[in-house]
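Enquirer: Chains as they are written, first to last, in the working numbering: chain W, 1105 to 1363; chain V, 1105 to 1363.
FYI, nobody ran anything at the bench for these hints, they're computed from the structure.
Where is the CB? At the ideal position from N, CA and C, for every residue including glycine.
Treat the hints with care, since some could be wrong.
To be verified - Far from chain V, by Cβ distances over 10 angstroms, these chain W residues were calculated:
#1 W1122
#2 R1155
#3 D1181
#4 E1196
#5 E1199
#6 D1211
#7 L1237
#8 C1241
#9 D1272
#10 G1295
#11 P1308
#12 G1319
Stated by the list, open to error - Calculated pairs, SDA-like style, for lysine to any residue (alpha carbon to alpha carbon, straight line, at most 20 angstroms):
#13 K1359(V) / V1292(W)
#14 K1158(V) / V1274(W)
#15 K1158(W) / P1157(V)
#16 K1359(W) / A1282(V)
#17 K1158(W) / V1278(V)
#18 K1359(W) / R1283(V)
#19 K1359(W) / E1164(V)
#20 K1359(W) / K1359(V)
#21 K1158(W) / A1362(V)
#22 K1359(V) / I1363(W)
#23 K1359(V) / H1236(W)
#24 K1158(W) / K1158(V)
#25 K1158(V) / T1176(W)
#26 K1158(W) / E1164(V)
#27 K1359(V) / P1157(W)
#28 K1158(V) / V1292(W)
#29 K1359(W) / K1158(V)
#30 K1359(V) / A1168(W)
#31 K1158(W) / G1319(W)
#32 K1359(W) / R1193(V)
#33 K1359(W) / I1363(V)
#34 K1158(V) / L1175(W)
#35 K1158(V) / P1157(W)
#36 K1359(V) / A1290(W)
#37 K1359(W) / V1278(V)
2 protein chains.
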Amino acid sequence: MDFTDPTAIRQAIRRGEWTRTTAGLAAGYTQANLVIVPRDLAYDFLLFCQRNPKPCPVLEVTDAGRYEPILTAPGADLRHDLPAYRVFRNGEMIEECQDIAHLWRDDRVAFLLGCSFTFEAALLAAGLPLRHLDRGCNVSMYRTNRDCVGAGDFQGPLVVSMRPLPGDMVARAVQVTARYPAVHGAPVHIGDPDALGIDDLSRPDYGDFLPLEDGEVPVFWACGVTPQAVALAARIPFMITHAPGHMFITDIPDKTLAI
Amino acid sequence: MDFTDPTAIRQAIRRGEWTRTTAGLAAGYTQANLVIVPRDLAYDFLLFCQRNPKPCPVLEVTDAGRYEPILTAPGADLRHDLPAYRVFRNGEMIEECQDIAHLWRDDRVAFLLGCSFTFEAALLAAGLPLRHLDRGCNVSMYRTNRDCVGAGDFQGPLVVSMRPLPGDMVARAVQVTARYPAVHGAPVHIGDPDALGIDDLSRPDYGDFLPLEDGEVPVFWACGVTPQAVALAARIPFMITHAPGHMFITDIPDKTLAI
């Protein structure tokens, strides 16, 4: 497998040859969160994304029934080309699977949302340390006490990812990620976790705990897991997502997303 | 009338005391393009905006039937608070009016889209000359040969606005407007009008002609008139818009839109 070519990696995933996280694959190409809903929920979800652009920056929305994202990865097939999917029904996660062909219908609309892997590459390039990568684990993610702006039935809490950074590097991290609004952009909060309703940093709701070292500040970015928290909180009738960390790899070079 | 307060101006407009362009009113507050469509067209139009963020940067979408934009101007009434509206039916502009209460229905969805008045204020603040303001006229606007990315029935040409700038100021204009993606952002094209299918700069499709002086370059930005061109080109069954230059004034300070 060629670990640098988006098409080759998607095809390997489609053949079932890669079932792990996509972190580190196709360096330099944008990875995406996936949300699939039936057409009768698509307007409200698109509106939800418009009203909450930091957790839900939309890269592409497919026409109903089309599983090929013609704008961001022509030739790809969203039914097969992610290593792992999650299926939500009526507010419960009912299945985790490596293929969703059995769930595809003519009314399915797929949303690709920007992913922090893109801005992490930019942070690394700017010389900022990312502990979860050093440790080979996932970032810490937390449900906050901040409600997203609702749209129709889509209502629920903002989920954030947290990366600890030395105090003298926080401003640089803001500058670097602000250039990437299509992949969550600048942090939503810096410092005091209490202000987000996070009682205990050592117990993340998703991902792994990253302890703070002396002089470090927790920096919180809006997170693409938010729609999954909304599916649960709002008991959305039907939604398919990627499994955390198991993203869709597009053909978009990261650099083209910088403003 | 207090020309600096968004609420006071909207109320004066509502009472019919101001029917002219909103250019220069409420300096420092964001003005918006308006597009109203029935709910059954709203998804495709929202998708059209998502696929064409430069001409159609969405500031707010109201819930169906709600004429109050609760996020950007609480208390306002989109049926009355613009000085002039245009009504399109089946691809024709059938009416220009100062009030749309007679056309409001429970299925109406209003879109507020960013307007170049915001970035013009930023350009002026950066010391860049804007000839149409010096002359007290409108910018030049042109239908181009570039198709927007279609969504459902919404298909049509990109409309651009043109401002002539001295060659040594073009880069600065790019830098300044790039900070405002919510109001069309950086230019879509600089120089040669032929490349956009514009045969004759002296005959704009909308607005007024601005002759180029020696050493000046035409700089083209995506324009919020694009949905009106799409309503005509795609024969959209029903759409209400603002009349060009007669915008909706929000409570959002321009500066909060800068990234």
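Enquirer: Next, verify each hint and record whether it holds.
Expert: Do the hints match the structure? See the list:
1. W1122: holds (30 angstroms)
2. R1155: violated (8 angstroms)
3. D1181: holds (21 angstroms)
4. E1196: At roughly 27 angstroms from the nearest Cβ of chain V, E1196(W) sits farther out than 10 angstroms, so the non-interface label holds.
5. E1199: holds (27 angstroms)
6. D1211: Consistent with the label, D1211(W) stays out of reach of chain V, its closest Cβ about 12 angstroms off (over 10 angstroms).
7. L1237: Non-interface label stands for L1237(W): nearest chain V Cβ at 26 angstroms, farther than 10 angstroms.
8. C1241: C1241(W) is indeed farther than 10 angstroms from all Cβ atoms of chain V, at 31 angstroms.
9. D1272: holds (23 angstroms)
10. G1295: At roughly 21 angstroms from the nearest Cβ of chain V, G1295(W) sits farther out than 10 angstroms, so the non-interface label holds.
11. P1308: About 29 angstroms separates P1308(W) from the closest Cβ of chain V, which puts it past 10 angstroms; holds.
12. G1319: holds (29 angstroms)
13. K1359(V) / V1292(W): Satisfied, since the Cα-Cα distance of roughly 18 angstroms is no more than 20 angstroms.
14. K1158(V) / V1274(W): violated (31 angstroms)
15. K1158(W) / P1157(V): holds (16 angstroms)
16. K1359(W) / A1282(V): Measuring from Cα to Cα gives roughly 16 angstroms; hence the hint holds.
17. K1158(W) / V1278(V): Violated - the C-alpha atoms of V1278(V) and K1158(W) are around 24 angstroms apart, more than 20 angstroms.
18. K1359(W) / R1283(V): holds (17 angstroms)
19. K1359(W) / E1164(V): With a Cα-Cα distance of about 28 angstroms, the restraint between K1359(W) and E1164(V) is violated, given a limit of 20 angstroms.
20. K1359(W) / K1359(V): At roughly 26 angstroms apart (the allowed maximum being 20 angstroms), K1359(V) and K1359(W) break the hint.
21. K1158(W) / A1362(V): OK: K1158(W) and A1362(V) at ~15 angstroms, within 20 angstroms.
22. K1359(V) / I1363(W): With Cα atoms ~17 angstroms apart, K1359(V) and I1363(W) stay inside 20 angstroms; holds.
23. K1359(V) / H1236(W): The given pair, whose Cα atoms are some 35 angstroms apart, is violated under the 20 angstroms limit.
24. K1158(W) / K1158(V): Holds, because 18 angstroms separates the two Cα atoms, which is no more than 20 angstroms.
25. K1158(V) / T1176(W): At roughly 17 angstroms apart (the allowed maximum being 20 angstroms), T1176(W) and K1158(V) satisfy the hint.
26. K1158(W) / E1164(V): Holds. K1158(W) to E1164(V) sits at ~15 angstroms (cutoff 20 angstroms).
27. K1359(V) / P1157(W): Roughly 18 angstroms separates the two Cα atoms, so the pair holds.
28. K1158(V) / V1292(W): Status violated; Cα separation ~24 angstroms.
29. K1359(W) / K1158(V): Satisfied, since the Cα-Cα distance of roughly 18 angstroms is no more than 20 angstroms.
30. K1359(V) / A1168(W): Answer violated: K1359(V) to A1168(W) is near 38 angstroms, above 20 angstroms.
31. K1158(W) / G1319(W): Violated, at about 27 angstroms.
32. K1359(W) / R1193(V): violated (42 angstroms)
33. K1359(W) / I1363(V): holds (17 angstroms)
34. K1158(V) / L1175(W): Measuring from Cα to Cα gives roughly 16 angstroms; hence the hint holds.
35. K1158(V) / P1157(W): Roughly 16 angstroms separates the two Cα atoms, so the pair holds.
36. K1359(V) / A1290(W): With Cα atoms ~16 angstroms apart, K1359(V) and A1290(W) stay inside 20 angstroms; holds.
37. K1359(W) / V1278(V): holds (18 angstroms)
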